[in-house]
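Visitor: Counting in my numbering, the sequence shown runs from 17 upward without gaps.
The hints are simulated quantities; they were obtained by calculation from the structure and are not laboratory data.
Possibly wrong hints are sitting among the right ones.
To be verified - Straight-line distance between alpha carbons at most 20 Å, and here's what the computed SDA-like set of lysine to any residue pairs gives: (1) LYS186 to GLU65; (2) LYS186 to ASN82; (3) LYS186 to PHE73; (4) LYS186 to ARG63; (5) LYS186 to ASN75; (6) LYS92 to ASP72; (7) LYS99 to ASN75; (8) LYS92 to PHE70; (9) LYS92 to GLN126; (10) LYS186 to ASP141; (11) LYS99 to ARG180; (12) LYS99 to PHE73; (13) LYS99 to ALA77; (14) LYS92 to THR113; (15) LYS186 to VAL148; (16) LYS186 to ARG71; (17) LYS186 to MET80; (18) LYS186 to GLY146; (19) LYS92 to ALA122; (20) LYS186 to LEU121; (21) LYS186 to LEU66; (22) LYS186 to ARG145; (23) LYS92 to LEU121; (24) LYS99 to PHE79; (25) LYS186 to VAL57; (26) LYS99 to ARG179; (27) LYS92 to TRP108; (28) LYS99 to GLU84; (29) LYS186 to PRO62; (30) LYS92 to GLY118; (31) LYS99 to ALA129; (32) LYS92 to TYR120; (33) LYS92 to GLU107; (34) LYS92 to THR74; (35) LYS186 to THR74; (36) LYS99 to ARG85; (37) LYS92 to VAL116; (38) LYS186 to ARG61; (39) LYS92 to TYR69; (40) LYS99 to LEU182.
This one's a predicted model, so the numbers in the text were calculated from it and none came from an experiment.
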Amino acid sequence: MSDVNTDDAPLSASKHTAAAIYTATESLIEKRGDTMVGRAVTINRPRAELFAYFRDFTNLAHFMENVERIEVIDAKRSHWVVKAPGGRTVEWDALITDEVGGEYLAWASQPGADIANSGRIDFRDAGARGTVVTATLLYDPPYGVVGKLIAKLFQREPAIQARRDLRRFKQLMETGEVATAARTRKQFEEEMA
Numbered sequence: 017m018s019d020v021n022t023d024d025a026p027l028s029a030s031k032h033t034a035a036a037i038y039t040a041t042e043s044l045i046e047k048r049g050d051t052m053v054g055r056a057v058t059i060n061r062p063r064a065e066l067f068a069y070f071r072d073f074t075n076l077a078h079f080m081e082n083v084e085r086i087e088v089i090d091a092k093r094s095h096w097v098v099k100a101p102g103g104r105t106v107e108w109d110a111l112i113t114d115e116v117g118g119e120y121l122a123w124a125s126q127p128g129a130d131i132a133n134s135g136r137i138d139f140r141d142a143g144a145r146g147t148v149v150t151a152t153l154l155y156d157p158p159y160g161v162v163g164k165l166i167a168k169l170f171q172r173e174p175a176i177q178a179r180r181d182l183r184r185f186k187q188l189m190e191t192g193e194v195a196t197a198a199r200t201r202k203q204f205e206e207e208m209a
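Please model the complete structure; the sequences and the hints are all you need to start from.
Guide: What follows is the structure, given as C-alpha cells:
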C-alpha cells in the first residue's frame with residue numbers, strides 16, 4: 017500500500033483501487049459512500065486566496081453547476097440543495113470533519129442525507145504555476161448502479177460534475193468570470209426587447 021501515495025495524482029487515479037479507497041476512507045475523509053471520484057486542477061492564484069474563497073460555502077453556487085444553494089448553519093455545518101436528474105433536487109446537511117486553514121477541508125454528510133457523501137479538497141503550492149486543487153469525493157448514488165447510469169445520462173454524475181466544477185472554479189479565480197456559450201436570461205431579455 018505504500019506506493020499509493022508516491023505521486024501527486026488524486027487517489028482515485030491509483031492503479032491499486034482497493035488500496036486507494038482504503039487510504040481515502042481511513043486517512044483523508046469519513047466513509048460516506050462507496051463510489052470514489054477524484055479530480056485535480058492547477059489554478060494560477062495563491063493557495064490562501066483559493067482556500068478562503070472555497071471555505072465560504074455561499075460562494076460555491078457561483079461555479080458549481082448543479083448547486084442551487086448552500087445555507088451556512090454555523091462554522092462547521094451547512095445545508096446543501098443540489099439539482100438531480102429529472103428536475104428533482106436532493107438535499108443534505110454537511111459537517112466539516114477536519115480542516116487545516118489554507119491546506120485542506122474535509123466534510124461528511126449527516127444522517128438522513130438524500131445522497132450519502134463525504135470528501136476532501138486539498139490546496140497545494142505549485143510554485144510559479146499557482147496552486148494544485150484536488151477534490152476527492154465518496155458518494156452513494158441513489159438507486160445504486162441504475163441511478164449512477166441515469167445521472168451519467170443527464171450529466172449529473174459526480175465524476176463529470178467534479179471535472180466541470182473545478183474547471184469553472186479555475187476560470188472564476190483566474191479571470192473573474194465563468195466562460196459560457198449559453199445566453200443568460202438577461203441577455204435573452206435584452207435581445208427580445
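Visitor: If a hint holds in the structure, say so; if it does not, say that too.
Guide: Hints versus structure:
For the hint linking LYS186 to GLU65, the alpha-carbon distance of about 12 Å falls within 20 Å, and the restraint holds. The hinted pair formed by LYS186 and ASN82 meets the criterion: a straight-line CA distance of about 17 Å does not exceed 20 Å. Our distance criterion of 20 Å between C-alpha atoms is met by LYS186 and PHE73, whose separation comes to about 16 Å. Of the pairs offered as hints, the one joining LYS186 and ARG63 holds, with about 12 Å between alpha carbons and a cut-off of 20 Å not exceeded.
With a C-alpha separation of about 14 Å, the suggested pairing of LYS186 with ASN75 holds against the 20 Å cut-off. Of the pairs offered as hints, the one joining LYS92 and ASP72 holds, with about 11 Å between alpha carbons and a cut-off of 20 Å not exceeded. Between LYS99 and ASN75 the alpha-carbon distance is near 17 Å, which keeps this suggested pair within the 20 Å criterion. A C-alpha spacing of about 14 Å is found between LYS92 and PHE70, which places the hinted pair at or below 20 Å, so the restraint holds.
Using a Cα cut-off of 20 Å, the hinted pair LYS92 and GLN126 holds, with the two alpha carbons roughly 12 Å apart. The hinted pair formed by LYS186 and ASP141 meets the criterion: a straight-line CA distance of about 15 Å does not exceed 20 Å. Note on LYS99 and ARG180: the hinted pairing holds, with a Cα-Cα distance of about 15 Å set against a maximum of 20 Å. The straight-line distance between the Cα atoms of LYS99 and PHE73 is roughly 17 Å, inside the 20 Å bound, and the hint therefore holds.
Our distance criterion of 20 Å between C-alpha atoms is met by LYS99 and ALA77, whose separation comes to about 11 Å. Proposed proximity of LYS92 and THR113 is supported: the alpha carbons are some 8 Å apart, at most 20 Å. A threshold of 20 Å between alpha carbons decides the hint, and for LYS186 with VAL148 the separation of about 10 Å falls inside it, so the pair holds. Of the pairs offered as hints, the one joining LYS186 and ARG71 holds, with about 15 Å between alpha carbons and a cut-off of 20 Å not exceeded.
The suggested pairing of LYS186 with MET80 holds, with an alpha-carbon distance near 11 Å, which does not exceed 20 Å. Taken as a hint, the LYS186 and GLY146 pair is honoured in the structure, with Cα atoms around 11 Å apart against an allowance of 20 Å. With a C-alpha separation of about 11 Å, the suggested pair LYS92 and ALA122 falls inside the 20 Å cut-off, and the hint holds. About 18 Å separates the Cα atoms of LYS186 and LEU121, which keeps this hinted pair within 20 Å; it holds.
Taken as a hint, the LYS186 and LEU66 pair is honoured in the structure, with Cα atoms around 9 Å apart against an allowance of 20 Å. Among the hinted pairs, LYS186 with ARG145 is consistent with the structure: their alpha-carbon atoms are about 12 Å apart, no more than 20 Å. With a C-alpha separation of about 11 Å, the suggested pairing of LYS92 with LEU121 holds against the 20 Å cut-off. With a C-alpha separation of about 14 Å, the suggested pairing of LYS99 with PHE79 holds against the 20 Å cut-off.
Annotation: proposed proximity of LYS186 to VAL57 holds, straight-line Cα distance about 8 Å (limit 20 Å). At roughly 17 Å between alpha-carbon atoms, LYS99 and ARG179 fall within 20 Å of each other, so this suggested pair holds. A threshold of 20 Å between alpha carbons decides the hint, and for LYS92 with TRP108 the separation of about 14 Å falls inside it, so the pair holds. With a CA separation close to 7 Å, the supplied pair LYS99 and GLU84 stays within the 20 Å bound.
Of the pairs offered as hints, the one joining LYS186 and PRO62 holds, with about 12 Å between alpha carbons and a cut-off of 20 Å not exceeded. For the hint linking LYS92 to GLY118, the alpha-carbon distance of about 16 Å falls within 20 Å, and the restraint holds. Note on LYS99 and ALA129: the hinted pairing holds, with a Cα-Cα distance of about 14 Å set against a maximum of 20 Å. The suggested pairing of LYS92 with TYR120 holds, with an alpha-carbon distance near 14 Å, which does not exceed 20 Å.
Proposed proximity of LYS92 and GLU107 is supported: the alpha carbons are some 17 Å apart, at most 20 Å. About 13 Å separates the Cα atoms of LYS92 and THR74, which keeps this hinted pair within 20 Å; it holds. Proposed proximity of LYS186 and THR74 is supported: the alpha carbons are some 17 Å apart, at most 20 Å. Taking the CA atoms of LYS99 and ARG85, the gap is about 10 Å. The hint holds against a cut of 20 Å.
Pair hint LYS92 plus VAL116 holds up; C-alpha atoms about 13 Å apart against a cutoff of 20 Å. Taking the CA atoms of LYS186 and ARG61, the gap is near 9 Å; set against the 20 Å cutoff, the hint holds. Taking the CA atoms of LYS92 and TYR69, the gap is about 16 Å. The hint holds against a cut of 20 Å. For the proposed pair LYS99 and LEU182, the alpha carbon gap of about 17 Å is at most 20 Å, so the pair holds.
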